[in-house]
Amino acid sequence: MQLQKRGSLDDEAAASAIPSLISVVEQSTGLIYRMGGIGQGPSTLGFNNTLVPNFAYRAAMSYVTGTHSFKVGFNRTHGYLLQETYNYQPFQYRFNNGIPNQVTMYATPFAAKSNQDNDLGLFGQDQWAMNKLTVNLALRYDYFATSFPEQHVGPGPLVPNRNITFPAQDNLGWHDLTYRTGAAYDLRGDGKTALKVSFNKYLLGQTLNTLGSNPNPVNALVNSANRSWADANRDFTPQCDFLNPLANGECGPTAPATFGSTRPAELYDPDLLRGYGHRMTNWEFMAGVQHELHRGIAVDASYFRRIWGNFQVTDNLALGPEDFTQFNLTVPSDPRLPGGGGYTVTGLYDVKPEKF
Numbered sequence: 001m002q003l004q005k006r007g008s009l010d011d012e013a014a015a016s017a018i019p020s021l022i023s024v025v026e027q028s029t030g031l032i033y034r035m036g037g038i039g040q041g042p043s044t045l046g047f048n049n050t051l052v053p054n055f056a057y058r059a060a061m062s063y064v065t066g067t068h069s070f071k072v073g074f075n076r077t078h079g080y081l082l083q084e085t086y087n088y089q090p091f092q093y094r095f096n097n098g099i100p101n102q103v104t105m106y107a108t109p110f111a112a113k114s115n116q117d118n119d120l121g122l123f124g125q126d127q128w129a130m131n132k133l134t135v136n137l138a139l140r141y142d143y144f145a146t147s148f149p150e151q152h153v154g155p156g157p158l159v160p161n162r163n164i165t166f167p168a169q170d171n172l173g174w175h176d177l178t179y180r181t182g183a184a185y186d187l188r189g190d191g192k193t194a195l196k197v198s199f200n201k202y203l204l205g206q207t208l209n210t211l212g213s214n215p216n217p218v219n220a221l222v223n224s225a226n227r228s229w230a231d232a233n234r235d236f237t238p239q240c241d242f243l244n245p246l247a248n249g250e251c252g253p254t255a256p257a258t259f260g261s262t263r264p265a266e267l268y269d270p271d272l273l274r275g276y277g278h279r280m281t282n283w284e285f286m287a288g289v290q291h292e293l294h295r296g297i298a299v300d301a302s303y304f305r306r307i308w309g310n311f312q313v314t315d316n317l318a319l320g321p322e323d324f325t326q327f328n329l330t331v332p333s334d335p336r337l338p339g340g341g342g343y344t345v346t347g348l349y350d351v352k353p354e355k356f
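Mapping of the sequence shown onto the numbering used here: position 55 corresponds to residue 55, and the numbering continues sequentially without gaps.
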C-alpha cells in the first residue's frame, strides 16, 4: 500500500499581494502587471489551493519454469482532487497600448471536489519458449471511475445572490480490455537472426484532470466573463454597474450572459463518459527482423502501424451554418511566399457579430 499526498497552496503568494491592486494585461505585448487581484495571469481565475491525496495498492504473483513463465496481479488507486479558487479583486483589466478596452469578471470564490473512486487494473501474462519460437500473451482489464460529491457554491462579490447546491453524481465509468501479444522466431537457430511480430492495444492515461474533473458541475459553471470598456474620462476605473448584465455606463454587456448562473458552460455526452471501450485507445502493430552483424552490433528493420480511436470533439450547438459569414483574404506580394504572393485565399468563415 502506498499513500501519496500532493498539492500546491497559493496562500503565501496571496499574502504577499496588495489587495487593492487589480491585475492588468497589456494586449499589445502580453505583459501582466499589478498582480493583486489575479495570481497567475489572464488564463486563470485567481489564487488556487489544490490538494490531491491518493492511495495506491498493488500485488502480483509469478510462476516460472525453464521455458514457461506466468504472472497475474492487480493495481488499484483511489483518492480525490480538491481545488479552492479565490482572489482579492474579482476583476482583471485589459489595456491596448495603455488604453483600457476590456474588463474580465470572475465569480470567485468557489471550491470543486472530484473523487477518483477507482483506477483498477487486473492482468495476466504468459510467456512460452518452444524450440525456436518464443510467444508472449497478456490480457488486462481496466476500470476507471470518478464522481463528484454534493457541493455548494455560495455568493461572491460579483454574484451576491449565488446559492447553488449540486447533488452527488457519477462521472467517468470506463471498462476496457487491452492486449499484449508478441512472438519472436530464431530463424537459423543460432540466436543471431530473429523475426518479430507484435499486436498491442494501449489506453490513454487518465487522472483527475481533463475529463476526470472538467464535467464537475462547479467547474462547468461560467465562472468568468468579459465586458468591453470605453474609458471615456480616462480615469482607469470602469464606470458601470457590474451586477447589471446589460450594457451600461462605460461597459458593454456581459459575455457570456450566463455568467454566475446555474447554466453550465459545457455539457458532456454520457456516451463519452461511460461504457465499455469508450476510452481513447492506440492500437500498435509491428513486424520486423533483427540480425546480429558482430558481437554487440545488430541491425533491426521493422514496420510499425498505429491506429488511434475514440477521439473527442466539441460541438457548439448554439451555432449553425447560417451563423457564419464567408470571406476572402488577399495575400500580399512577397518573394518569401509561394508563387511570390498576390493571390486570394478563399473559403474562410467568421462568426456573425450578433452571435458572439
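Bear in mind the hints are in silico, worked out from the structure with no lab data behind them.
All values derive from a computational prediction rather than experimental measurement.
Mixed in with the good hints there might be a few duds.
Claimed, not checked - Distance windows between CB atoms, simulated:
{"hint": "1", "residue 1": "Y276", "residue 2": "S333", "range": "55 to 63 Å"}
{"hint": "2", "residue 1": "N97", "residue 2": "F311", "range": "36 to 44 Å"}
{"hint": "3", "residue 1": "N328", "residue 2": "G249", "range": "32 to 40 Å"}
Idealized CB from N, CA, C, for every residue including glycine.
Going down the list of hints, with the structure as the test:
no., hint, result
1, Y276 to S333: 55 to 63 Å, "holds, 57 Å"
2, N97 to F311: 36 to 44 Å, "holds, 41 Å"
3, N328 to G249: 32 to 40 Å, "holds, 39 Å"
In summary, the structure agrees with every hint in the numbered list given earlier.
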